Amino acid sequence: MSPPRPAPEALTRRRLLKRGLFGGALLALGGSAALATRGGLSLPLPPEGLQVLGPREYATLQALARRAFPPRPGWPDADTARVALTADGLLARGDPAVAKEVKDLLGLFDNALAGFLFAGRVTPFSRLAPEAQDAAFEAWRTSRLVLLRTGHQALRTLVYSAYYVHPAAAAATGYVPPEGFHDANAVAWKGEGPRPAPGPVTRKEGSTP
Amino acid sequence: MSGRIFTGDELTEDRVVTCDVCVVGSGAGGGVLGHELARRGLDVVMLEEGGYRTRRDFDMKEATAYPAMYQELANRATDDLAISILQGRTVGGGTTVNWCASFRTPPEILQRWRDVHGVKGLDEATLAPHWDWLEERLHIRDWPIEQANRNNQLLWEGLGKLGYSRGTVKRNVKSCAALGVCGLGCPTDAKQSMLVTLIPDAVEQGMRLFANVSARRLELDGSRVVAVHADVLDPRTDRPTGKRLTVKPKVTAVCGGAINSPALLLRSGLDGRGLVGKRLFLHPVVISTGRFRERVEAFFGAPLTVYSRQFIDRGPGKLGWLIEVPPIHPVLASVTMPGFGAAHQELMAQLPYANAVISITLDGVQPGDVGGTVSLRGESEYSRLKVEYPLTDFHWEGFREALKVAARLQFAAGAEQVLSPHSSPVVMRSEKDVALLDPAPYAPLMCRVASAHQMGGCAMGGSRETSVVDSTLRYWDADNLFVVDGSVFPTALGVNPMQTILGVAHWGSQHVAAAVGGRS
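Protein chains in written order, with the working numbering: chain A, 1 to 209; chain B, 1001 to 1520.
Careful, some of the hints might be misleading.
[As the list claims (entries may be wrong)] If you anchor each label on the Cβ, the simulated ranges turn out as follows:
| hint | chain 1 | residue 1 | chain 2 | residue 2 | range |
| --- | --- | --- | --- | --- | --- |
| 1 | A | Asp134 | B | Ala1435 | 40 to 50 angstroms |
| 2 | B | Thr1246 | A | Pro71 | 53 to 63 angstroms |
| 3 | A | Asn185 | B | Asp1234 | 31 to 41 angstroms |
| 4 | A | Ala97 | B | Thr1466 | 49 to 59 angstroms |
| 5 | A | Gly74 | B | Arg1004 | 46 to 56 angstroms |
| 6 | A | Ala97 | B | Ser1424 | 23 to 33 angstroms |
| 7 | A | Asp95 | B | Pro1316 | 36 to 46 angstroms |
| 8 | A | Gly180 | B | Val1017 | 37 to 47 angstroms |
| 9 | A | Gly49 | B | Gly1121 | 36 to 46 angstroms |
| 10 | A | Ala168 | B | Pro1441 | 53 to 63 angstroms |
| 11 | B | Tyr1382 | A | Asn185 | 52 to 62 angstroms |
| 12 | A | Ala197 | B | Glu1124 | 48 to 58 angstroms |
Hints listed in this document are in silico derivations from the structure and should not be mistaken for laboratory results.
Keep in mind it's a predicted model, so treat the numbers as computed, not measured.
C-beta: ideal position from N, C-alpha, C; glycine also.
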């Protein structure tokens, strides 16, 4: 029997972002400022405003969402589901330090210099042709560097979570919450007066809705 | 005496309260402990970082449930994101959002705790009356196979056809309508969680519960905890309001679960000679997704009612596992199903035809398997916690073999296609394709791993040199500090942990109560 051994490579989110900063250092040393600051996609900002993401990060995430959710009959597309705006709301609800890391990650993902260093391309992700965007994101998934696979996982989880919380997206999969069971006016007992009775059950125990 | 539940929006000024016992956390451990102490007439204050959500809030939507009732909006994960971690964060803790599976602790696990880790006085016979009481009060009953949803029936059939052991799972429900939304909060209060059972009982007995209150630090004077310092959170944003709640108890019980309890101790400078946060066990899970010709609708019906422990013990040096099925709702499915773009959409479009088999691996019982670690990123009271869990060849071998068994089960039950959890999935169309799992890549983020059970981090044991708490759940180096939750488990269990946490807390409450009047 061989006892468990430590994983050979355990790069973390934090180290991923350090790599992003390292890219910034390379930029300063190598005189590649023009490459690193190449403009990405620009999108109109939502009228509600953004809480966490900046305009470029918002556009980068929405560009990724458009590839994640191509038009399909009966399904909301990425713009209808407002994926990047929903993601912004989720990030605002969570730990500010995590939001900062995601912002940095999106910056790295769309950064032309990082693209050049990691993949040999000089165009920001958000300005690539659709097929090239797919290939760029796929390259992060299959990378030998755990740090890029971590970034892929983080961005993928964010866009999927933000899309499938949309009621139309959830319904498109076939799931619609059972009706007639939720009582939004139920009493929330806090210790004052008698405890309320259990909620109504309108179906036989064990039956499937 | 009647107690009260307070929420963050009611705490508009700094407050200092005194009590006999401060219980930090309201889940399976804290809920039982608070009840047992209040029942004894003790003055109990319970702190819960999450909100006070009740059936009026349980609208059966993932969009509502995950951000409101799970740690880190259901995005908690190991530091490298290789293992996603589902963990409750609401009044009632995990018992409010879990899938109701109730198992007594396997006897061999209790024996291991005694023989290997030196735990004293905790065996089947000792725990039996505690479990008897809990099973009666929480209505823990068998859920007959006739009432199983199709997702569970498929597992039952697959297990039968392959000749594997199988059983039905007991559930803590009363008048359950089998809506399938246990993980999103029960809208009919059928689930007999701490939220609707022992916590209200305790409040009626005088317990004060403060929700939206985040315990940041324990203040010590010598070897005694003299205060618990907490931030009040805004229930709408989860951000600190700037108001503080200070609790001055005779005794403190930390019940925040296997990740937050070690983090609180570490923030308080209590590292247990380097042992706090160590031996974290996650029951790492791999998921095999099957597609059937018939509608399975795994999002409806009682979520988890069939199990098999056929492969829980594969012998020395091998990772064993428990087999069950999960509910499959869109958001959870989307992040666990492989692929991207149109291919992923096509999988999601087939959701009503999907069945999933989860293999829950039993970690911490093999020599050298020390699990993971909870630590802090910095020194301050507001340092973020970090969860690390190295996945090694030992784990990957177990995951691979578990996926092979799961695929065979699904084909035996009639699956027309089975997908592995690899980021580029192995696609199997018949039993003969199962061999394709052998050469697949097994590495972090190449093969998805999840956890819904967290244990360890403040291990109980017979020696202060090897454990964080003693066999009465008392922190070795403090007179009036206890840890009462799944973090005290010296190993994982190989079954869903709720009932073990309930039982250990019910048993351990006597020690906490005794400490109020002086050291027992």
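These are the hints, each one checked on the structure:
1. A:Asp134 - B:Ala1435: 40 to 50 angstroms: 30 angstroms, violated
2. B:Thr1246 - A:Pro71: 53 to 63 angstroms: 56 angstroms, holds
3. A:Asn185 - B:Asp1234: 31 to 41 angstroms: Violated - the Cβ-Cβ distance for Asn185 of chain A and Asp1234 of chain B, about 24 angstroms, lies outside 31 to 41 angstroms.
4. A:Ala97 - B:Thr1466: 49 to 59 angstroms: 34 angstroms, violated
5. A:Gly74 - B:Arg1004: 46 to 56 angstroms: 49 angstroms, holds
6. A:Ala97 - B:Ser1424: 23 to 33 angstroms: Since Ala97 of chain A and Ser1424 of chain B have Cβ atoms about 31 angstroms apart, the given range 23 to 33 angstroms holds.
7. A:Asp95 - B:Pro1316: 36 to 46 angstroms: Check passed, 41 angstroms falls within 36 to 46 angstroms.
8. A:Gly180 - B:Val1017: 37 to 47 angstroms: The hinted range 37 to 47 angstroms holds for Gly180 of chain A and Val1017 of chain B, with Cβ atoms some 42 angstroms apart.
9. A:Gly49 - B:Gly1121: 36 to 46 angstroms: The hinted range 36 to 46 angstroms is violated for Gly49 of chain A and Gly1121 of chain B, with Cβ atoms some 59 angstroms apart.
10. A:Ala168 - B:Pro1441: 53 to 63 angstroms: 35 angstroms, violated
11. B:Tyr1382 - A:Asn185: 52 to 62 angstroms: 38 angstroms, violated
12. A:Ala197 - B:Glu1124: 48 to 58 angstroms: 37 angstroms, violated
When held up to the earlier numbered hints, the structure conflicts with 1, 3, 4, 9, 10, 11 and 12 and fits the remainder.
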